[in-house]
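S.K.: Residues per chain are reported as follows:
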Amino acid sequence: MAKIVVDGLEYEVDSDNNLLQECLSQGLDLPYFCWHPCMGSVGACRQCAVKQYRDADDKDGLLVMACMTPASDGAIISIEDEQARDMRERVIESLMISHPHDCPVCEEGGECHLQDMTLMSGHNYRRYDKKKRTHRNQYLGPFINHEMNRCITCYRCVRYYDDYAGGTDLVAQASHHHTYFGRHEEGVLESEFSGNLVEVCPTGVFTDKAFSEHYARKWDLQSAPSVCTGCAVGCNTTPGERYGTLRRIVNRYNSEVNGYFLCDRGRFGFDYVNSDARLTTPVRQVNGVSTAIAESQWQALLEEFTSGEVIGIGSPRASNESNFALRCLVGDSHFYSGMSDSEHGATQLILELARDRAFHSPSIRDIERADAVLVLGEDLTNVAPRIALALRQSVRNKAKELAASCNIPRWQDAAVRELAQHERSPLALLSGYATRLEDVASDSLIDTPAVLANIGHAIAAKLSDKAPAPVALASDYSAAVSRIAEQLAKAQRPLIIAGTCAGDVALIRAAANIARALHASSGQVTDLCLVVPEVNSIGVGLLANKDNLLSAALEKMHSAAVKKVIVLENDLYRRAGHQVVTDALASVEHLLVVDQLPTATTAKAHTLLPTTAFSEHEATYVNYEGRAQLSFQVQRNQSSAMPAWRWFSDRRQGNVEAIVNRCAEEAKDFAKLDDLLPDVKQFVAGMKVPRQSHRYSGRTAMIANLNVHEPKQPVDDESVLAFSMEGIPSMKDATILGAAWAPSWNSNQAISKFQDEVNGELKQGHTGSLLIERTDPNASYFAVDKPAKKGKKGALQVAMAYQIFGSDELSARSHSIQKRMTDAYIGISPEDAEALGLVQGDSVSLNGNGDLATACIRSRIKPGTAAVYCGDNQINAHSIGESLLISKSAARSDDRGISGLIVSDLYEEGY
Amino acid sequence: MYTLIKDTLLSQVRTLWMVFLKIFTKADTVEYPDVQPYMFPRWRGRIILSRDPDGEERCVACNLCAVACPVDCIALQKAETEDGRWYPEFFRINFSRCIMCGFCEEACPTNAIQLTPDFEMAEYARQDMVWEKEDLLIDGTGKYHDYNYYRVAGKQIAGKDKGEALNEAPPVDVRSLLP
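Chains as they are written, first to last, in this note's numbering: chain A, 1 to 911; chain B, 1001 to 1179.
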């Protein structure tokens, strides 16, 4: 701790930080552009000038850049000093000389850091009478708009895109006042995290293209704190609604989970909520004819399912409440997780390991702190993208270490990078095909899952004598094994990552063995991150019985042992083989399906009930680390759709709070779920928290075309939030913080006003509660799996591949995501392609069963193996098997092809 | 005695005299609606949306009028033409709420929304006081004849390339090494 004096007042600050960061931590207003809480200082914009004095007698002082000056003990500075103010005003005046006078037609207007800073610095009129420099814009793909005229050359975009997110295709070009930020040639921005440019850019150069198509100003968006349902990380988001449709999603700060950044699936994959295809009324379907069910009969609907034996199939994409309500309705023994057999098994294994005291499930922030990482089999960029972004930060820990040894403060971003050059903390990737993290990896081994698991066991055996010995390993891996083992052993905070997506539990077991070996040698709790694919995989895994496999349920249905079945928000055709599901559903007497959008399963339903989407109900989800998080309702659903749990219980009674409390009481491991519910009593005079901003516009005209007599504001009995502007402003109580706003801070940079310090926790917020308690004493090592038998001659060993745009069921229904989706493809090595006479983009028949995929020849795939990406369930993953025979076939006419595919090792350049 | 007469009698006589003189002055009251009063151009009456000198809609759907409106009686939705021009998909004013304060006109960065001297807006049904864009949009420039927002703003639209707006240099060639 250090003491500094700012304008005559003394503050206690952290001397490891710079003056700007500490001033903001203290709640002082100091304008800045190029500094970002996550990216440190480069001193490019000169906007944060302050006066620093040598000592109390010094009356003249010296102008310094606050972001480039350490907050050392005894520093005396002045923000309000006349000269400093004047300097800041002149700086912004010079930044603004070419600004194009287009705020009214700029999507950033009203939440623009440049507008805020201009006002704060006091600049009004353009005195410069020469011409403004202009730039041509580029097409940057379906997500991002480019308007270069607005640029003030703060360099934040390239510092984020290249330095932080590892992109390669956005660069600063030209020089002096011609500096241009764009691609070398027009085209789609390749990074999976390009959407963050919208929030990183302090002005309107990069704006949200999808949002612009149905634009509303920030103050007009009705918003509430929500949780992304795109993958198992559970990033915190703020969706915004206007005129009844969901307009956009922006990041919501959570110090432990997503920090300041989201991936593009999370940011752009929401618009299925507005889809015309949404189910809106309960219907009975007989022979393909559907008839609506009258509201008076809704209550009777479920009575049929309250007696006798009923199978309830839950879903990893449904909330805890819905899964729990279904479990209550059908009983523990008849409740199934709804995951495929292999995934259910893997999830149960993960839960077993999650109770082990030897391990710790790292949050995203913990992952960023790891100084040696081993990834076993997971393609993180495509299954849990935010973790991949965190790994890119973890490899920089070496640079921070080097900086510390040279007495360079960590926030001196350019200096630290210059010092480290290409020195990185070790990141070893073991995968079936080249992943998007290869450019920062220290080792990248590519082989079949079985061999990778064996390599894992070999690493474990190197780390501890007690770990079981691996099966004989090819000699060319031995050097890598020793190197990785040594890196992990030397690390202060090693991290092992595995998961269910590689499709082989052997990898999870190998990962656990390595972590256990590390634990045995160091005695410390080891970070073991086990990734699952969907938003509530862990939640439904905790609720379902370990032995209740989906195949058993389908078998019971097929043999007509159980005649009544409820399927909760789940497309069974994605979970098991096509024929098996069709046969099973055909034998069911009464199939009740509850879902948001039509799927192959809803087409077979006898009774079909519509449910609300993530933004239309309050719900809790459990992320990969067992962290339960509460997502609030943002908008009202005007149709008959209800949350699934409400369909399953007496719908007139109870609210979310009741079912969360009941779940916390009755379900094992969910005891801490009710911690998430906000304490209503603390709010002043029973006031609610407004979903609408204090400057929400158009209330008396929005629906005046329908009826000029304004209706009463809709009352929300369900939650502590209100569908209106009235209530406690977030500046008074930020327990529930949707969109951050503070006086003079209209942009998302206002978040610093709500953090206890910059990059710290939110003052009154909740980071979620970790549900799973580690009670088990350290268990033993897993035995090494026997090597699998070789497949048929000429057959390719299969590894499943995923795509950030397309693998997730719901986001794949969004328009902007669809523009980036590719067809199902089969990734093969150039050698195999030559042998089979295939060229890039050829249509390929799989196993001769009618499944078609596009050939994708990749140089970093092992000959004899294939990476199969199923598209949006174009190919049924469960009918492929472990090995695959492929042949060339005629192309379909409706092919999307794979031309938009972004992988690092596509064989033919320029395809 | 003299003061008593001066304060009472004379005062009343003076008053009678002044009333008498008023018989010869012109009446202020006009026989509305047979006689239309003169309305000043800057009178704050019925709101219109104007067009720019090229005949295009001036409104760019920036939402500033809506947010400035103290009674929140303006609602609109932004849309965009092929060439990048913003315009309101719908623009609705609920005149039964409007207080004719003129804040919308003050907030408008493009001179699109203007208050006019017309005050005759009474309706029998309140619903008829909800005006849509078709009702609001006029064919002329209103009070401000010359201003054309897109000629000033740096955003490219059809017929105005980058670098052709007011005070703009031609687009930079980023591959040039010249200073």
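Everything labelled a hint here was simulated from the structure, so no lab data went into it.
Each residue gets a CB set at the ideal place from its N, CA and C atoms; glycine is no exception.
One or more of the hints may lead you astray.
Unchecked claim - Footprint (simulated), chain B over chain A, 3 or more residues, beta carbon under 8 Å:
#1 134-143
#2 212-220
#3 699-711
S.K.: Confirm or reject each hint.
M.R.: Do the hints match the structure? See the list:
no.: 1; hint: 134-143; verdict: holds (count 4)
no.: 2; hint: 212-220; verdict: holds (count 8)
no.: 3; hint: 699-711; verdict: holds (count 9)
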